[in-house]
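There are 2 protein chains.
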Amino acid sequence: MENFEVINPTRIIFGKNQLDRLPQLLSEVGVKNVLLVYGGGSVKRIGLFSKVMEKLSAFNVVEFGGVEANPEYATLIKAVEIARENNIDFILALGGGSVIDGVKFISGAINYQGDAWDVLERKEGCVFTSAIPFGTILTLPATGSEANSGAVISRSELKLKMTMGGPLFFPQFSFCDPTVVATLPKRQIANGMVDAFMHTLEQYLTYPMDNLLQEREAEGILSTLIEIANVVEHPEDYKLASNLMHCATHALNGNLRCGVICDWTTHMIGHELTALFGIDHAQSLAVIAPRLWKRKFIEKQEKLAQYGRRVWKIEGDNETVGRLAITKTEEFFQSLGVKTRLSDYTSDHQGCEKKISAIFKERGWTAMGERKSINLEDIEQIVLSSI
Amino acid sequence: MENFEVINPTRIIFGKNQLDRLPQLLSEVGVKNVLLVYGGGSVKRIGLFSKVMEKLSAFNVVEFGGVEANPEYATLIKAVEIARENNIDFILALGGGSVIDGVKFISGAINYQGDAWDVLERKEGCVFTSAIPFGTILTLPATGSEANSGAVISRSELKLKMTMGGPLFFPQFSFCDPTVVATLPKRQIANGMVDAFMHTLEQYLTYPMDNLLQEREAEGILSTLIEIANVVEHPEDYKLASNLMHCATHALNGNLRCGVICDWTTHMIGHELTALFGIDHAQSLAVIAPRLWKRKFIEKQEKLAQYGRRVWKIEGDNETVGRLAITKTEEFFQSLGVKTRLSDYTSDHQGCEKKISAIFKERGWTAMGERKSINLEDIEQIVLSSI
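If you read the protein sequences in the order shown, they are chains A and B. Every number in the numbering used here is 112 more than the matching position in the first sequence, counting from 1. Every number in the numbering used here is 112 more than the matching position in the second sequence, counting from 1.
None of these hints come from the bench; they were simulated from the model. There could be a bad hint or two in this list.
For chains that are exact copies, the list does not tell them apart, and a pair is met inside one copy or across any two.
Stated by the list, open to error - Listed below are the simulated SDA-like cross-link pairs for lysine to any residue, each with C-alpha atoms no more than 25 Å apart in a straight line:
no., residue 1, residue 2
1, LYS298, ASP322
2, LYS190, LYS406
3, LYS351, PRO320
4, LYS144, SER261
5, LYS440, TRP376
6, LYS156, MET480
7, LYS425, PRO320
8, LYS156, GLU180
9, LYS167, PHE116
Because the structure is a prediction, the values reported are computed rather than measured.
Make the full structure from the sequences, and use the hints.
Here it is, written out as structure tokens:
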């Protein structure tokens with residue numbers, strides 16, 4: 113097992129009707145001025161917005177709605193200005209991963225002197241050195257952002273998706289109420305399933321490195337997600353919904369990666385498909401992952417076989433089980449209603465493999481994956497074979 | 113799934129040669145006067161004590177050695193006095209669960225006005241309201257105390273073992289170096305295995321309550337511990353030792369109990385066996401657990417069967433698999449060298465079942481276990497059948 117250091121100070125408040133805790137959590141750290149950040153109108157439509165506003169009656173609240181799926185830098189910068197004007201001392205994210213990611217950026221940018229985009233571009237000397245504290249009220253189980261310190265921010269006019277994060281960006285608390293699942297469209301639930309599944313596999317489908325417990329924890333999430341897949345059809349079933357939400361949090365709360373060298377190349381390619389074509393994040397992962405595993409089959413064979421045996425209960429030799437595990441996974445995504453071919457989402461894909469490899473080259477991402485063996489030729493072939 | 117709230121702010125620093133991080137961790141929170149608490153001479157014998165002292169050269173260090181296995185109130189109160197005299201602003205626990213538990217008590221008692229024993233006895237109005245911050249350097253994987261906020265304190269002249277804990281008592285950091293396992297006697301490693309195994313089972317062997325992921329996480333720990341059982345014979349094997357240490361932490365870091373109603377009756381009875389006869393904590397659990405599961409077989413049958421199927425790979429109907437799972441577990445403890453009968457440890461057991469039920473009655477513990485169905489008659493029969 114590799115050495116590791118892990119900390120996760122986020123308070124998870126999980127279950128039904130827990131929002132009564134909200135005023136107390138804010139009062140005990142002396143909050144006065146809250147920036148309430150949300151996305152589209154769904155939180156108002158389902159009545160959650162008014163419930164939250166009611167709980168915030170003792171605080172000065174400034175609303176900021178309109179954060180997009182794949183939160184946009186230009187939008188978030190407006191929130192930063194509003195936060196500064198209103199002396200905001202706490203930010204509340206009311207939404208899914210995009211709103212929460214956006215709030216992480218806002219919380220760092222508020223006190224940043226200079227252009228915060230430089231931080232995302234990792235320009236030398238450009239880092240967030242403080243962050244306004246924030247909490248979350250999760251409305252969509254998927255990204256795990258409610259329980260980690262990472263974020264992905266988009267700038268669509270440049271067709272860029274950039275990552276950020278660090279110890280400053282853990283939520284103080286996250287309310288995780290599984291009853292929100294029943295308010296979601298099927299597509300979002302299915303995306304959430306794929307997202308949690310792929311977060312787990314990015315940390316798992318590598319090569320054996322003596323992390324026996326971490327592997328079993330990952331297999332536990334994968335097996336549970338398969339067991340509760342019916343949540344897409346029955347989102348009102350609390351057993352299914354609560355396990356989905358718990359799995360999505362655990363898939364990316366920092367636990368699975370303890371002492372583990374991860375892959376994450378599917379995410380890196382997927383981010384570009386989202387930036388280029390506006391494909392949902394989870395859809396982009398479902399398109400790329402099976403192709404990446406086939407391209408790197410020999411290197412990932414042992415873990416693919418372990419995954420096939422333990423999660424899908426397939427028997428046979430490593431090659432047979434490994435290949436069938438890929439097929440099973442792709443069929444699983446399809447069974448959720450998530451299509452797994454780039455051409456299912458766009459016909460405008462000509463030459464995109466070159467665009468993506470050019471972006472990777474510019475960023476110096478020429479040796480990716482757990483073995484640093486995924487090169488630009490691999491990237492192009494993976495994208496091409498995903499069409 | 114039941115509602116839950118969970119937080120665990122302890123920084124885990126896992127692996128070899130990580131102690132260089134220690135001075136920085138103390139400096140960044142402005143520590144000046146450190147109380148270094150340890151147990152017997154083993155930390156000196158293995159050279160760890162001098163390594164730690166070297167890292168502490170920039171701080172005022174007051175040593176306090178001699179904390180017992182099952183840390184004694186009388187000993188700890190001496191440490192409290194020394195801490196007060198020396199304006200200690202940080203405590204470093206160098207040891208296993210007993211030293212760490214002791215430090216949790218010391219950290220709360222330092223600023224407590226009055227007799228700190230009253231807090232352990234839960235006298236009305238008697239609570240620790242602040243704690244001196246502390247960190248740990250773990251020398252024995254077993255109790256999980258390095259990653260939780262609970263402690264057990266003994267007062268042998270009264271034959272009492274009392275629990276304490278709460279949000280104030282999370283370590284700031286814990287150094288978990290698996291190479292310490294190679295310095296331990298076989299008995300302590302075997303005890304650690306049983307301890308981690310039983311912590312997991314206390315939170316798992318109850319009844320189905322829709323916690324699908326928590327169950328799989330528990331099964332992952334149990335399966336891993338079985339897989340690495342050879343660590344007792346090969347403690348120098350880093351793969352085995354690191355997985356044991358990771359399992360022991362994860363067995364009691366608050367994760368498995370999320371939304372779960374636990375049992376813990378084996379622990380409560382076991383504590384009394386330790387208090388009465390000085391039996392090692394893990395040994396007391398190995399003695400009681402199989403008897404408790406048999407006594408409450410009908411109530412625990414479904415989970416026992418799931419445990420048997422998923423962890424021990426036994427096939428058959430619930431009753432057959434459940435009963436065989438108990439046998440397998442007892443044999444597993446024995447295979448580690450841990451005996452599973454009270455008479456293996458003492459011949460002085462006459463009437464102890466009455467003593468224990470009398471203590472439970474006095475404390476009002478007359479309806480225990482996950483269903484509150486374990487009564488004083490059950491307690492006596494469980495103890496009697498364990499002889």
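Broken hints, by number:
2, 6
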